[in-house]
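Colleague: Sequence:
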Amino acid sequence: MIRELKGALSLTVTLTFLVSGCAETKTNQCREIISIANGTVKEAKQLTNDRKSTDLEATLLAADTMELAAEEMASLEITDEQLQAYQKEFAIMYRETATATRSFVRAYENKDKTNLKQAQKAIKEATAPEEELVTKINQYCLE
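By the count of the working numbering, the sequence shown reaches residue 218 at its end, each step adding exactly one.
I should point out that these hints are in silico values taken from the structure, not numbers from a laboratory.
Remember, predicted model here, so these are calculated numbers, not experimental data.
Glycine included, each C-beta is placed from N, C-alpha and C at the ideal position.
All clues given are correct.
In silico EDC-like pairs for lysine to aspartate or glutamate, Cα to Cα no more than 16 Å straight-line:
| id | residue 1 | residue 2 |
| --- | --- | --- |
| 1 | Lys199 | Glu171 |
| 2 | Lys163 | Glu146 |
| 3 | Lys163 | Glu207 |
| 4 | Lys101 | Glu156 |
| 5 | Lys120 | Glu132 |
| 6 | Lys117 | Glu206 |
| 7 | Lys211 | Glu156 |
| 8 | Lys117 | Glu142 |
| 9 | Lys163 | Glu142 |
Estimated spans, in silico, between C-beta atoms of each pair:
| id | residue 1 | residue 2 | range |
| --- | --- | --- | --- |
| 10 | Lys188 | Lys127 | 14 to 22 Å |
| 11 | Ala149 | Asn213 | 16 to 24 Å |
| 12 | Ser150 | Thr189 | 31 to 39 Å |
| 13 | Ala160 | Ser110 | 16 to 24 Å |
| 14 | Gln121 | Ile167 | 21 to 29 Å |
| 15 | Thr129 | Glu218 | 36 to 44 Å |
| 16 | Leu143 | Leu208 | 12 to 20 Å |
| 17 | Gln214 | Leu151 | 14 to 22 Å |
Construct the complete structure from the given sequences, taking the supplied hints into account.
Modeller: So this is what it looks like as structure tokens:
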């Protein structure tokens, strides 16, 4: 009887560690993704004076920030399947934003109004998923 009780207690303790370990893993993975996302937005806003800057060099630096964030996001070792999906969406969004931003700068420098409008549209489309993505990952990470 005591042996069975010890076995049950041992199993309970082991399960508790496993469950809390999994929760911790999800929490840590959430923190990693959210940290990159928050840092990227903060840096891009600083570089572009919250998108009000006319400094093309700063705009290119913001594109570099997005590209680096995409690489950093993609390199995270995320095991949670839902977080992997969010990770991928962030990386795609950052890459597309960087590409569109560079196209914008080229069009602006070349005074190419047609490509400038296309680049502006591409930037808007690339960043469109951001609000919904942030909401989804925040909700998922709070579960």
